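J.: Chains as they are written, first to last, in the UniProt record's numbering: chain A, 1 to 311; chain B, 1 to 311; chain C, 1 to 311; chain D, 1 to 311.
The set of hints was computed from the structure by calculation and includes no laboratory data.
Just so it is clear, the structure is predicted and the values come from calculations on it, not from any experiment.
Among the hints, erroneous ones may be present.
For identical chains, the list gives no copy identity; a pair is met inside one copy or between any two copies.
[Unchecked claim] Here are the simulated SDA-like cross-link-like pairs (lysine to any residue), alpha carbons at most 25 Å apart as the crow flies:
#, residue 1, residue 2
1, Lys304, Leu84
2, Lys304, Ser74
3, Lys304, Pro274
4, Lys166, Arg119
5, Lys304, Gly100
6, Lys304, Ala71
7, Lys166, Asp87
8, Lys166, Gly100
9, Lys304, Ala249
10, Lys166, Trp117
11, Lys166, Glu11
12, Lys304, Ile239
13, Lys166, Pro285
Number of protein chains: 4
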Amino acid sequence: MSTRFVYLGPEGTFTEQALRLIPEAADAERVPVRSVPEALDAVRSGEATAAVVPVENSVGGAVAVTLDELAAGSPLVITREVVLPVDFVLGARPGVALAGVRTVAAHPQASAQCRSWLRTALPDAAVTDVLSNSAAAISAADGSFDAAICAPIGAARYGLTVLAEKIADNPDAVTRFLMVTRPAPPPEPTGDDVTSLAVFIAHDRVGALLAVLTEFAVRGVNLTRIESRPTGEQLGVYIFLFDCTGHVAEPRMGEALQGIRRLADRVTFLGSYPRHRFSGGSPVPPPPGQSDADFADAATWLTKIRAGDLS
Amino acid sequence: MSTRFVYLGPEGTFTEQALRLIPEAADAERVPVRSVPEALDAVRSGEATAAVVPVENSVGGAVAVTLDELAAGSPLVITREVVLPVDFVLGARPGVALAGVRTVAAHPQASAQCRSWLRTALPDAAVTDVLSNSAAAISAADGSFDAAICAPIGAARYGLTVLAEKIADNPDAVTRFLMVTRPAPPPEPTGDDVTSLAVFIAHDRVGALLAVLTEFAVRGVNLTRIESRPTGEQLGVYIFLFDCTGHVAEPRMGEALQGIRRLADRVTFLGSYPRHRFSGGSPVPPPPGQSDADFADAATWLTKIRAGDLS
Amino acid sequence: MSTRFVYLGPEGTFTEQALRLIPEAADAERVPVRSVPEALDAVRSGEATAAVVPVENSVGGAVAVTLDELAAGSPLVITREVVLPVDFVLGARPGVALAGVRTVAAHPQASAQCRSWLRTALPDAAVTDVLSNSAAAISAADGSFDAAICAPIGAARYGLTVLAEKIADNPDAVTRFLMVTRPAPPPEPTGDDVTSLAVFIAHDRVGALLAVLTEFAVRGVNLTRIESRPTGEQLGVYIFLFDCTGHVAEPRMGEALQGIRRLADRVTFLGSYPRHRFSGGSPVPPPPGQSDADFADAATWLTKIRAGDLS
Amino acid sequence: MSTRFVYLGPEGTFTEQALRLIPEAADAERVPVRSVPEALDAVRSGEATAAVVPVENSVGGAVAVTLDELAAGSPLVITREVVLPVDFVLGARPGVALAGVRTVAAHPQASAQCRSWLRTALPDAAVTDVLSNSAAAISAADGSFDAAICAPIGAARYGLTVLAEKIADNPDAVTRFLMVTRPAPPPEPTGDDVTSLAVFIAHDRVGALLAVLTEFAVRGVNLTRIESRPTGEQLGVYIFLFDCTGHVAEPRMGEALQGIRRLADRVTFLGSYPRHRFSGGSPVPPPPGQSDADFADAATWLTKIRAGDLS
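Isolated chain A (complex conformation):
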């Protein structure tokens, strides 16, 4: 049976662009689906090998549903992340010049992200909302609008000329995507990994959150993201979603996870996977006393004192 990847469609959006950066997907069948829940269900049911969905998406606002579906449904694991710069272009049919653009199609959040550029470069253009970055490209290609704000991949796919690139107001904004599969042993540690967790806390007391963070802190496990989400099931129950620096196979992370398992009402392991790094980046070193060597030294010492060797 062939490998099949599903992704949040339609074709020609940033999610497809992210999918194309994943080597395992190169020779796979690639199927766009209409929603994140649909993508994840296709993996759960075995129809798809893996799904690629946005998780921190300054454009599409898909964060909430992805996190909620991962935390609440039957188990899935994240095996890879892909981070893309938010890299909007203005595309138009060949022959259309920037000066001639009077109408622009854009997803509402795309136009919001390019507000300053639009005000400066196209102060008189009428911007019309469409349903996706891809729909914007299509409607420029078919002549419904003079131009479209879209992803580079969308411009290429629908034969648009790029009139302007990097038009998003915030040059550092990025969108983050996850590759999700059925439960499986995590990929090998690379020395710079992310572990994602959903932790359920029964009362909204700050003390409970402090206790969870302390489990990380005492082992030198760093956090790069935290988000609380109310659960509908029961008032007063919160899910905390954490992205931590490290891998479940490492002692520090193993200890921290065990500690959280003991104290939380419930904890869902969402995966350990390599951190996506831009060229030139380097992992943050652990704080003093929290290196792998420090963990190994402490374990050796414990073995010795348990045996009566205090030398």
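For chain A, the structure is supplied; the task is to place chains B, C and D on it using the hints.
T.: Relative to chain A, chains B, C and D alone:
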């Protein structure tokens, strides 16, 4: 000059429904705008008295942009929150029966939220994406589609008959809206208030977050929401957004805010305002030793020992 | 070679009384020495098998030297504790009646502890300081004084009649003694043990102490004693002495010790040994999530998620 | 009525030496008493203006009783501390040479502190225990012994020649004394003060101690001493004795004390008084964000945001 409220449009959505629950807006001019930034800028510039925007919106995904705009732009304050149940209905022109529905218009996130209901009640209907809950209602009203998933206010406004109500899969889901004004003294404490903050932390160490949470915990200030957001400006700088239980005028909150001011790289006060409560709800009492009486007792004691009175 | 126990002398004091409660010492040679350092050095050099010395002594004030010697010298381990009630008696030669007592010999701290009783029962007696509880008994036996405040064992040994017993002002006061040997595997866990540690912290910041306590707290390890001692070696270096509830062989204590090893400048393991319990006492149960079963469950869960089993 | 200082006698010990360093005592009547409780009771009853007693005494082991009496009895306050180096000398009658010393009188803890020196310089001398450093000096002066280990003040008072000075094994050891009065407003802050507290905690959980330390830590209040003492009254109740850096009149300390007052079962304020500093010493600066300027800035900010000024 008359009072003007702007809100995230279009008309006929949950945001307008939230606006109609605000007494101060009853006699005001009510103007829908295209985006959250536009709404907030209208307040900043003085064109509008106040804005009503979604902040935790399981439907529209508008959370990120609202928080980012409040945290980063020139100062605004939240003066009220409104919480609505996510209360979708299926609306159709008079005369259309549920059994006859073959085509449904819906915002993609609305159809995602009603997935189970659609699968059961309308397994064969074709669902088409439209740009908003309001656009869905309009397109059912004008005959483009047999029915629409929309807000009750949208069904009413466009003359639709409600074929089914409470069709969202999660009966407890809610959407939260904020009323935002230019800086002003906060409303009087009510005994059950929320204080919102944006805290900037320069390194992504869990220790910095622990320190902030500890400032809350030692004063018995509880949290009901926490979210981290990367800032585009600088890699490694995070904004944490907190909703805390209490009011800036109270000693416990005053002490906590001062503590965070001392330790954080930057902290933005976003407002103290009454918690929206459903009928029957009651505020969570502070932990032992953290009541108003305990604070008053401790202050009296300190005054006495400073004066040499140890009785 | 026979077994030899040394103890802080002279004979006839509470320390000898503690020694007599230790089964291993029943058939051993028992040798009083003049000071705690002398007792410990005799063990270090191999001249003695074990030493019995006071550690929390409301009478003799020997705490500091015992702790300092254990923390700083070449390694020794505590293998047992003995706790005695502070149980002073007034002894006199046969024939002397309480009404006839005009002069009393007492160690200064013994008379301090019996101050109220002396004021009531012997308001006119002259109390003279002597060097030890044992010296007091001897000087009553030889007629230098009418009576002596001493330990029951001292009265018995020197043929004194007990004119009054339980004359200490605080009926709950106790003295605690340690049995110390050369490094050896600790005694088996009993389910109610004490682990003693000396932790060196290079700066006198409260943060460092908080960090050490947190290592205990997150594993549900309780403390029954904490004491800070300046080190003479270097200004600003502190030794913290801890008595913790639990045994080094237990997972919770093992993890806590490793954590402290990683963060402290130096940590000296002083032993795991059965808690001395008075009849009727029972160990405090661990807090929620910190039982042995919770630790075992968390370890099993970690093994499963590392293998990709998320069921 | 004249000013009267009582101090732990006898005359000629380190406590008298400490007393002579206190300017207020220069013209006062100075009365030695037999015990710390007697000294403190003389202040409580009004017989004495102030008492000088040892509190961290590597020689006399008087720590426990001083702390217990201050924590438990009717209120007294510490108004000054004096720290003396442990500065033993070997004194003898004029004409006696070191080489001729065959017998030495010493308090047992004094000889313990000079053990190495005795072993090297007087390997064959017989050391006999006496009741105090002062008694040692007297017995050398009257010819009962060839020499005495004593305080410099004792050698001077009893006409002894100093044969050797600084003979204590640990050159950095110090003894600390407190001047105690009836409750009164504390001395003015000097910028380098100590505040002493006794905190009662009803259960021996490490969590309670962590909570108290956190109150200090979040305000940048440092600790220089911590000690736990069981209370006889009730099993499971502990007193923690703290010496903190700072003064009750300062905002940071005021906040911390109020926080502890709220959470502890009971807290006894024992005084704020200037830290005794050796020449050349300088106070440790507060951690980042905890300076007086930081506290003032945070207070100003709070006043502004409460008034609606977010500039």
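J.: State for each hint whether it applies.
T.: Consistency of the hints with the structure:
1. In this assembly of identical chains, Lys304 and Leu84 lie within 25 Å of each other by CA distance neither inside one copy nor across copies; the values are 49 Å within and 33 Å between.
2. Only between protomers do Lys304 and Ser74 lie at most 25 Å apart by alpha-carbon distance; the minimum there is 16 Å, versus 43 Å within a single protomer.
3. In this assembly of identical chains, Lys304 and Pro274 lie within 25 Å of each other by CA distance solely across copies; the values are 20 Å between and 35 Å within a copy.
4. In the homo-oligomer, the alpha carbons of Lys166 and Arg119 lie at most 25 Å apart inside one protomer (15 Å), although the nearest pairing across protomers, at 41 Å, exceeds that limit.
5. In this homomeric assembly, Lys304 and Gly100 never come within 25 Å of each other (Cα to Cα): the closest approach is 79 Å inside a single copy and 51 Å across copies.
6. In this homomeric assembly, Lys304 and Ala71 come within 25 Å of each other (Cα to Cα) only across copies, at 18 Å, whereas the closest approach inside a single copy is 41 Å.
7. For the identical chains of this complex, Lys166 and Asp87 are intra-copy neighbours only, at 5 Å inside a copy versus 39 Å across copies, given an alpha-carbon limit of 25 Å.
8. In this homomeric assembly, Lys166 and Gly100 come within 25 Å of each other (Cα to Cα) only inside a single copy, at 20 Å, whereas the closest approach across copies is 48 Å.
9. With identical chains, the CA atoms of Lys304 and Ala249 are at most 25 Å apart both within one copy (24 Å) and between copies (11 Å).
10. Taking the shortest Cα distances, Lys166 and Trp117 sit within 25 Å of each other inside one copy (10 Å), while across copies they are farther apart (41 Å).
11. Taking identical chains as interchangeable, the C-alpha atoms of Lys166 and Glu11 lie at most 25 Å apart only when both belong to the same chain, with a minimum of 21 Å there against 33 Å between chains.
12. Within a single copy, Lys304 and Ile239 get their C-alpha atoms only as close as 41 Å, which misses the 25 Å cut-off; across copies the closest is 22 Å, which meets it.
13. With identical chains, the CA atoms of Lys166 and Pro285 are never at most 25 Å apart, being 33 Å at best within one copy and 48 Å at best between copies.
Checked against the numbered hints above, the structure violates hints 1, 5, 13; every other hint is satisfied.
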